[in-house]
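There are 2 protein chains.
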Amino acid sequence: MAERLVVIGGDAAGMAAASQARRRRGPDDLEIIAFERGNFTSYSACGIPYWIGGVVDDRDALIARSPQTFRDDHRVDVRLRHQVTEIDLDKREVVARDLTGGGEVRERFDILMYATGATPRIPPWAHTEALGVFGVQTLDDGSALRQWLDGEPRPQRAVVVGGGYIGVEMAEAMIQRGLSVTLVERGDQPMSTVDPDMGALVTEALDGLGIDVRTRCAVTGLRVRDGRVYGVDTAEGEIPADVVVLGVGVRPNTDLAAAAGLPIGVTGGIRVDLRMRAVGMDRVYAAGDCVESVHRITGQPVHIPLGTHANKQGRVAGLNIGGGYATFPGVIGTAVTKVCELEVGRTGLLEAEAEIAGYQFVTVVVESTNRAGYYPGAKPMTVKLIVERRSGQLLGAQIVGRSEAAKRIDALAVALWNYMTVDEMAGLDLGYAPPFAPVWDPVLIAARKAVDAIHDGR
Amino acid sequence: MAERLVVIGGDAAGMAAASQARRRRGPDDLEIIAFERGNFTSYSACGIPYWIGGVVDDRDALIARSPQTFRDDHRVDVRLRHQVTEIDLDKREVVARDLTGGGEVRERFDILMYATGATPRIPPWAHTEALGVFGVQTLDDGSALRQWLDGEPRPQRAVVVGGGYIGVEMAEAMIQRGLSVTLVERGDQPMSTVDPDMGALVTEALDGLGIDVRTRCAVTGLRVRDGRVYGVDTAEGEIPADVVVLGVGVRPNTDLAAAAGLPIGVTGGIRVDLRMRAVGMDRVYAAGDCVESVHRITGQPVHIPLGTHANKQGRVAGLNIGGGYATFPGVIGTAVTKVCELEVGRTGLLEAEAEIAGYQFVTVVVESTNRAGYYPGAKPMTVKLIVERRSGQLLGAQIVGRSEAAKRIDALAVALWNYMTVDEMAGLDLGYAPPFAPVWDPVLIAARKAVDAIHDGR
Chain A
1 MAERLVVIGG
11 DAAGMAAASQ
21 ARRRRGPDDL
31 EIIAFERGNF
41 TSYSACGIPY
51 WIGGVVDDRD
61 ALIARSPQTF
71 RDDHRVDVRL
81 RHQVTEIDLD
91 KREVVARDLT
101 GGGEVRERFD
111 ILMYATGATP
121 RIPPWAHTEA
131 LGVFGVQTLD
141 DGSALRQWLD
151 GEPRPQRAVV
161 VGGGYIGVEM
171 AEAMIQRGLS
181 VTLVERGDQP
191 MSTVDPDMGA
201 LVTEALDGLG
211 IDVRTRCAVT
221 GLRVRDGRVY
231 GVDTAEGEIP
241 ADVVVLGVGV
251 RPNTDLAAAA
261 GLPIGVTGGI
271 RVDLRMRAVG
281 MDRVYAAGDC
291 VESVHRITGQ
301 PVHIPLGTHA
311 NKQGRVAGLN
321 IGGGYATFPG
331 VIGTAVTKVC
341 ELEVGRTGLL
351 EAEAEIAGYQ
361 FVTVVVESTN
371 RAGYYPGAKP
381 MTVKLIVERR
391 SGQLLGAQIV
401 GRSEAAKRID
411 ALAVALWNYM
421 TVDEMAGLDL
431 GYAPPFAPVW
441 DPVLIAARKA
451 VDAIHDGR
Chain B
1 MAERLVVIGG
11 DAAGMAAASQ
21 ARRRRGPDDL
31 EIIAFERGNF
41 TSYSACGIPY
51 WIGGVVDDRD
61 ALIARSPQTF
71 RDDHRVDVRL
81 RHQVTEIDLD
91 KREVVARDLT
101 GGGEVRERFD
111 ILMYATGATP
121 RIPPWAHTEA
131 LGVFGVQTLD
141 DGSALRQWLD
151 GEPRPQRAVV
161 VGGGYIGVEM
171 AEAMIQRGLS
181 VTLVERGDQP
191 MSTVDPDMGA
201 LVTEALDGLG
211 IDVRTRCAVT
221 GLRVRDGRVY
231 GVDTAEGEIP
241 ADVVVLGVGV
251 RPNTDLAAAA
261 GLPIGVTGGI
271 RVDLRMRAVG
281 MDRVYAAGDC
291 VESVHRITGQ
301 PVHIPLGTHA
311 NKQGRVAGLN
321 IGGGYATFPG
331 VIGTAVTKVC
341 ELEVGRTGLL
351 EAEAEIAGYQ
361 FVTVVVESTN
371 RAGYYPGAKP
381 MTVKLIVERR
391 SGQLLGAQIV
401 GRSEAAKRID
411 ALAVALWNYM
421 TVDEMAGLDL
431 GYAPPFAPVW
441 DPVLIAARKA
451 VDAIHDGR
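The listed protein sequences correspond, in order, to chains A and B.
The numbers in the first sequence follow full-length UniProt numbering, run straight up by one, and end at 458.
The numbers in the second sequence follow full-length UniProt numbering, run straight up by one, and end at 458.
One should not assume that every hint holds.
[Claimed, not checked] Between beta-carbon pairs, the in silico distance windows are:
#1 TYR419(B) to ALA357(A): 47 to 57 Å
#2 GLY187(A) to GLY249(B): 48 to 58 Å
#3 ARG24(B) to VAL279(A): 16 to 26 Å
#4 ASP88(A) to GLY358(B): 51 to 61 Å
#5 GLY261(B) to ALA352(A): 33 to 43 Å
Please keep in mind that the hints were generated in silico from the structure rather than gathered at the bench.
Each residue gets a CB set at the ideal place from its N, CA and C atoms; glycine is no exception.
Take these sequences, add in the hints, and give me the full structure.
Encoded structure:
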């Protein structure tokens, strides 16, 4: 008799697991049922801001594989608009509510894949039921927001709350749609995902786009009339708004998991082992934005919700469910984004994170260019390295530049992954030709400067 | 009394050494004399094709630091148009001919820095004294070529002999100047610095530029009338030419070194130790295109003339001359270039090189895109990995793409440098956002595919 895999959550992690498991085990050997609360499977949540902004025209372009593809090609019984409400690990069954037809279904499982993703943090002041207030976590969220922006009366003024990646990307998207935009950030500056000195360059770029950036500004409430939002209250007064986008971060969506007794870690994410099994559980896997990962530099658990991790983790889970062997080696906090023409990349620890982790470190910042200075189109590029004071081990790196900059973080990410010291890095054989780099690559200049800084400090 | 450093060769390696030595030792402690045969110091030879093509307007933009700067700021006694003709290691002196004024000078040295670079291979059929025939090794070569191209009668037809990096870049430069161009390559295809399957994409790009590419075509002679070249003879007939550019490669310029008894390796380059000292010699350093390096993957000596190595090696030599400690860790064969919009990157071994080194290997090639497929401007990108069959260790990688492609080789170069296996690489935390990569980075897709290939082969 076939075993049964039940997948909770039909996005990247869940469906990557389902398709990998299917690759190794046919339908006669493994039955797969996937419950998805929304209307879509396997889409690029990270692409939503670009679709909202009109950079990407077609919503369906964001969908990697449709439910029908999973049903036909992968023989996965995908059940959309089904919300799992209970997991019984003793009876090994789940209960799901049919959000369309109503009613409840129960399904037994041999193997469980928990991949419910993350949920936007809802601040205490937020009336998410008010019309005109949106998160942008799911494609359904995105659809609702786009409809609102196209509706009448046509929204003119947007307030984006929160200056993280999503907030910044959404602020730009709103500008691209012709709205006037205020970005409200509680902290000292937007993009706290890089150090303040690098983040200042982002703030500049946002200013350049005409975005009204309000920092150290706490939102205290929403103004709602006739069920529609018309403003945001802050400590410094009201900001008028026809649409409010919440980008205040997400938390692992683990309520159901916690109720069922799955192990929850200090970050709020599910604890998993190297093979993406929930720690201590029998044939229960978890992956994606609902789990926590190990940071390879600090060794500490972290919650870094990103599509690339979700895909990798889902694949690892699926390979193991399929009888193979694969492990997820942890993360190092690499991320890239852009604001208008400004590109930002980071990997490893920020200064504040290195501090918390207990490192003594030096930092170096170098200004260089992405191409040979004399080559047309050469643009400034700033590289920052954070380096353990004694060993010279790279702890973190950040790059800000105008073009061909962000993805250069990858070379630093691989160096960091391999625990390289800046001494070793200064000798790296990186690609050189005038259209692509100065003869001393900015990464090498930064490494050299860090070597000097450390030797002076000895 | 001050010691004296004599530098032979005033380009990247020699002058990097001079300035690093100066940083650590003042003029009272170390006198520095630099002999340079040509008219320039410390310039970007790699930039010459772009200056010839008019992409870079100003010759002086290629000069990193002028002789006067070295004299004034670094207190280096730079003697231009002085060709060293003899090194006497017993007497510890050099003899140099003054190419302008005539006559000879003798200078004693305590420390010698040999940095004479490389010389273009001159095929037996070449009359380099014929007008209209040029190498492009030095800035003086470039100046002469530019003058010829601007002269009367205005050259219309160019033949570039040799399809390596320089040949391909020069062919494009000639097209940019409005000449009709024939590229003659003895081998099966131009750009033999990548595997044939990747090189085919380069040939396509050259065709697209309107360059007449003749492969398996051996040049047998030049046609010269009244001292001017007017054609190139090949086994398949004559090709008319008003200008002929030789890009048939270079050899380490070691005649002088060999005569003086410096150790010459199997590649023809000077053998040096980790600190860039000529092996077995007392206080004699060598760096740049005249030395051989260790390839970190094969452990074999290689001669890879590149400005980036010359700069690094010169700096290492200079630090050691200055009383510091620095080592050059070897090379892994990383290189990048572009042909029109086509970008090419490579690192490590080609298939043929892996074969010669004795590896059993598998190769994988993946077609992907530089950005998320749905993001505007997404362009195709091909990634090839060469992987040791048993261990899964990365041996080589090549990338060909349309934009934002070549420098991605750096992440692979760092992986290779650290002897990563494709299993490890499949888990790498690389930067992801739709404007910069698909959710599965092409590098990760390639690594995954290689993992599959290896496991199937076991």
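Evaluation of the provided hints:
1. TYR419(B) to ALA357(A): 47 to 57 Å: violated (27 Å)
2. GLY187(A) to GLY249(B): 48 to 58 Å: Given range 48 to 58 Å: holds, Cβ gap about 57 Å.
3. ARG24(B) to VAL279(A): 16 to 26 Å: About 55 Å separates the Cβ atoms of ARG24(B) and VAL279(A), which means 16 to 26 Å is violated.
4. ASP88(A) to GLY358(B): 51 to 61 Å: holds (59 Å)
5. GLY261(B) to ALA352(A): 33 to 43 Å: violated (58 Å)
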